[in-house]
Amino acid sequence: MKLYTSSFAPNPRRVAIFVAEKGISGIETVLVDLTASEHRSADFLAKNPFGRVPALELDDGRVLCESRAICSYLEAIYPLPNLMGTDAQERAFIEMADRRVELHLLSTIANCVRHTHPGLAMLEQPQFADFGASQGEKMREAVRWLDGELASHPYVAGERFTIADITAWCALEFARGLMKFKPGAEGFGQVQAWRDRMAERPATARS
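Taking the numbering used here, the leading residue of the sequence shown gets 15, the next gets one more, and so forth.
Zero decoy hints are in this set.
In silico EDC-like cross-links for lysine to aspartate or glutamate, where the CA-CA straight-line distance does not exceed 20 Å:
| no. | residue 1 | residue 2 |
| --- | --- | --- |
| 1 | LYS196 | GLU214 |
| 2 | LYS16 | GLU89 |
| 3 | LYS16 | ASP73 |
| 4 | LYS152 | GLU200 |
| 5 | LYS36 | GLU104 |
| 6 | LYS196 | ASP210 |
| 7 | LYS16 | GLU71 |
| 8 | LYS196 | GLU151 |
| 9 | LYS36 | ASP101 |
| 10 | LYS194 | GLU151 |
| 11 | LYS36 | GLU109 |
| 12 | LYS16 | GLU35 |
| 13 | LYS152 | GLU187 |
| 14 | LYS194 | ASP161 |
| 15 | LYS36 | GLU173 |
| 16 | LYS196 | ASP161 |
| 17 | LYS196 | GLU155 |
| 18 | LYS36 | GLU71 |
| 19 | LYS16 | GLU42 |
| 20 | LYS16 | ASP74 |
| 21 | LYS36 | GLU80 |
| 22 | LYS194 | ASP144 |
| 23 | LYS16 | GLU52 |
It is worth saying that the hints were derived from the structure and are not from the lab.
Throw the hints in and build the complete structure from the sequences for me.
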């Protein structure tokens, strides 16, 4: 298999950490340079017509796109350690938490950054600065929700580390890097403590 990815972007990072947490080896990594518009080349668009990374090219030549779909596939063929639930009920609650983080945290951070950061103007045209700023405020609403969740249990989806923690980590690290967002400095102590614990995991340190 070949994993088409890029450095530091949150969705490729989700898959990279998922692979590392599972200890999967043997997947060839192909870096796609977004700043050089390699994701818009004819060769890459033939693999993913939306021009997005990550993309996982299977051994039979088919290409699986969307980070959650890629992780679901890898979970099925490499079931241990389990990161997406062991029974119907746990799978549903983990998926709910992961989806909430993706929709309400990661997407608002991405919108804020893509529409306000000058370094991303080449990826987002036109940029709408007011929309980006409003998304930054909505992001903090999602962090407030997450802070409440982490006051009740140690991990995003409950009592153990799951894919929902990976998604939240990638989202918040993206915000830390490009929005200079520090949860503890804005009163989100539970999120800050969780973030500091996540930073000690070998998979997040390598990503």
